[in-house]
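Visitor: Residues per chain, in single letters:
Number of protein chains: 2
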Amino acid sequence: MPVNLSAPEPASLLPVAGVRLGIASAGIKKPGRRDLTLIELAAGSRVAGVFTQNRFCAAPVTVCKQHLAAAPIRALVINTGNANAGTGEEGLARARRTCEAVAELMGCTTEGVLPFSTGVILEPLPVDRILPALPAARADLAPDHWSEAAQAIMTTDIVAKGASRRLTIGGRPVTVTGIAKGSGMIHPNMATMLGFVATDAAIAPALMQQLVKDVADVSFNCVTVDGDTSTNDSFILIATGQAGNAAITDTAGADYAALKAALCEVAIELAQAMARDGEGATKFMTIAVEGGRDRAECKQVAYAIARSPLVKTAFFASDPNLGRILAAIGYAGVSDLDVNALKVYLGDVLVAENGGRAASYTEAQGAAVMQEAEITVRVVLARGSASATVWTCDFSYDYVKINAEYRT
Amino acid sequence: MPVNLSAPEPASLLPVAGVRLGIASAGIKKPGRRDLTLIELAAGSRVAGVFTQNRFCAAPVTVCKQHLAAAPIRALVINTGNANAGTGEEGLARARRTCEAVAELMGCTTEGVLPFSTGVILEPLPVDRILPALPAARADLAPDHWSEAAQAIMTTDIVAKGASRRLTIGGRPVTVTGIAKGSGMIHPNMATMLGFVATDAAIAPALMQQLVKDVADVSFNCVTVDGDTSTNDSFILIATGQAGNAAITDTAGADYAALKAALCEVAIELAQAMARDGEGATKFMTIAVEGGRDRAECKQVAYAIARSPLVKTAFFASDPNLGRILAAIGYAGVSDLDVNALKVYLGDVLVAENGGRAASYTEAQGAAVMQEAEITVRVVLARGSASATVWTCDFSYDYVKINAEYRT
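Keeping their order, the protein sequence lines are chains A and B.
First residue of the first sequence? That's 1 in full-length UniProt numbering, and the numbers climb one at a time after it.
First residue of the second sequence? That's 1 in full-length UniProt numbering, and the numbers climb one at a time after it.
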């Protein structure tokens, strides 16, 4: 059961000038399932992406990187039901074949198409089913199909994920809309399992790569469900430039800051949605680590807690077995950490200080916080001024069930 | 259900000259449970240990390190039901109080006593229950109480763990006997949750520390259940010197090699028993990585597979969803790994090569291996001659159940 998460109202996902989306059923895994999404971008759109660091990266990830370097992007094609990962040379050929077919249909170059796949690893991409379904996806293209696209890219997700923001840049209204999917194999290392955020803002191409990285680092790169980094993680930022604002060319200016803030808001909402909809989730957990020497060590400690099966099963049980949090902090790999100086809070309750349980702490206090559906663990390292926040969910019977039965 | 593991017959655990063991009930967590173990060592015994790298290391671990550096060790005292971890200064004081009481009873110095605790973290050690039970443990001391001790140090373990070997050194019969406990919070980083191996061989004190480290590195440091490194991991090697062999002084000689081999056999059997008896285990998995540049990168890849909740739930389901193994190899952190060069085998079946599924592989082959209770995953990295093996178990509903209900 997703934690405090419902699918966005279709009308709440605002169209972005220059972006049209179309959906179709290719019957990749199950007949009738809407599993194919085509996104058309207007001429002049700027596109940048960040991708998984997994060495076994999927064929479409490799092709995306090549195409982003080669040409202006005019279309994205996304299939679920098959990840086209662990598929070798033949996988690359099939990803390219899909791009060729889309290019022909859309009247752009093959390099102008970005392919994305998500689903089972190690099985050949069924291009014989995808190619015949492309015309239907093209015929479905519309500016207001964000909600349908959010649905069509889901795999084990229970709830479709999307968010929009409106802002003004240089007196012009600007829109930011994003969709994402992801529920399991979530521990992004660079980006996450398919996130797409588009804006109609105009922005200099030279700023796009840093912007997508900065947004990913505070959103998709701060979430984990099971600690497994996917082979297909891709986060794509699109700027169509159709809002009519004078193109943003300066990262120090207010316009850049405003756009980045809106993009981060959308991306963080999508990333949190992944943890809220994490496989088998019954609780949404925020792990906030502060007072570190740098952000990296804060993140290291936060991820150690967020990944620990022992911590996650205790939260599932609503059991304030908080020694497990201390153990995770201790093995996080911060080798000179002074455990006597740090403090641990569960919600607002001080749990641990001076290397042990706080004198003021009572089991009843911990048990009360544990009953909540959304819980913050706060760790104060007391050795610097850096901080980092990671979002995750608990570990339930249903996580095991979902992943034991994934292919059945 | 432990995988192909039963408790050792009491008679199969051979007495080690110079070692006596006594058990008592202190009622630490549950009344009547035999939860206190005393081990007496003859004068002249050599003792060395390796301990957890967890920064939140337990009070007894800190005290053990101090006492090992200070004095010849004459006694060990072990309690279950409480880890005395995350207990700050008061925890250290209580561990020392326990050592003082044992020292008084046994007629040795306080520094001659090593304390060990295992159980719940973040709760004060109930010395008021432990101290009154010590005389009963002392009265119970006997050379043939290894089996009872193996029972008494268990926590969530279902099966008691112990092993013995006999060998000859310099014409004298030598015995090696070890016991261990561990079932959850198992991902030792240096040693594991309470392992004790004793021999009556005579060996120069200068060789002990390297020997205990070498033995731990191929046994307890090669097992994981849930990826959580405990606060209390301790592996202790005892050499009483009572076998009458000329003391081993040379690590290059045949005697050292023979003793080390016997110690490794016992330690590996105990380490494997932890994975076989891993919380909720239904399958015992061996992850063997070979062809690496060095042992460290082989271990990194093996642990990435062994820790992955997605891999472990697939094994629980007997589902050859082997793309998850590729994904884990890919995110293991070997940044220049050539995924097209490596091979993956499930049992004897070639699963993946050339970056994808092997042409010869069939789902039926994979499904057949997955039915077995003991499964080897072999990864050939094809970039060097180093190798490493890690043992683990699958991830089942019962893991969640055991850890959700741990304190109830």
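Hint data in this document are derived by calculation from the structure and do not stem from the laboratory.
Keep in mind the model is a prediction, meaning the values are calculated, not measured.
Some hints could be false.
Quick list of in silico lysine to aspartate or glutamate cross-link-like pairs, DMTMM-like style, CA-CA up to 25 Å [as the list claims (entries may be wrong)]:
1) Lys343/B x Glu89/A
2) Lys401/A x Glu111/B
3) Lys260/A x Asp250/A
4) Lys65/B x Asp338/A
5) Lys343/B x Glu90/A
6) Lys30/B x Asp250/A
Distance windows between CB atoms, simulated [unchecked claim]:
7) Asn4/A x Ala69/B: 28 to 38 Å
8) Arg166/B x Thr362/A: 28 to 38 Å
9) Ser360/A x Gln53/B: 26 to 36 Å
10) Pro132/B x Thr362/A: 48 to 58 Å
11) Pro10/B x Arg33/A: 51 to 61 Å
12) Ala296/A x Arg166/B: 33 to 43 Å
13) Gly333/A x Pro173/B: 42 to 52 Å
Glycine is no exception: its CB is placed at the ideal position from the N, C-alpha and C atoms.
Visitor: Would you mind marking each hint as holding or not holding in the structure?
Guide: Here is what the structure says about each hint:
1. Lys343/B x Glu89/A: holds, 15 Å
2. Lys401/A x Glu111/B: violated, 50 Å
3. Lys260/A x Asp250/A: holds, 12 Å
4. Lys65/B x Asp338/A: Cα-Cα ~18 Å, so holds.
5. Lys343/B x Glu90/A: holds, 17 Å
6. Lys30/B x Asp250/A: violated, 67 Å
7. Asn4/A x Ala69/B: 28 to 38 Å: Between Asn4/A and Ala69/B, where Cβ atoms are some 53 Å apart, the hint is violated.
8. Arg166/B x Thr362/A: 28 to 38 Å: violated, 54 Å
9. Ser360/A x Gln53/B: 26 to 36 Å: holds, 31 Å
10. Pro132/B x Thr362/A: 48 to 58 Å: Once the Cβ atoms are compared, 28 Å apart, the range 48 to 58 Å for Thr362/A and Pro132/B is violated.
11. Pro10/B x Arg33/A: 51 to 61 Å: holds, 60 Å
12. Ala296/A x Arg166/B: 33 to 43 Å: The hint (33 to 43 Å, Cβ to Cβ) is violated, given that Ala296/A and Arg166/B are roughly 51 Å apart.
13. Gly333/A x Pro173/B: 42 to 52 Å: The hinted range 42 to 52 Å holds for Gly333/A and Pro173/B, with Cβ atoms some 45 Å apart.
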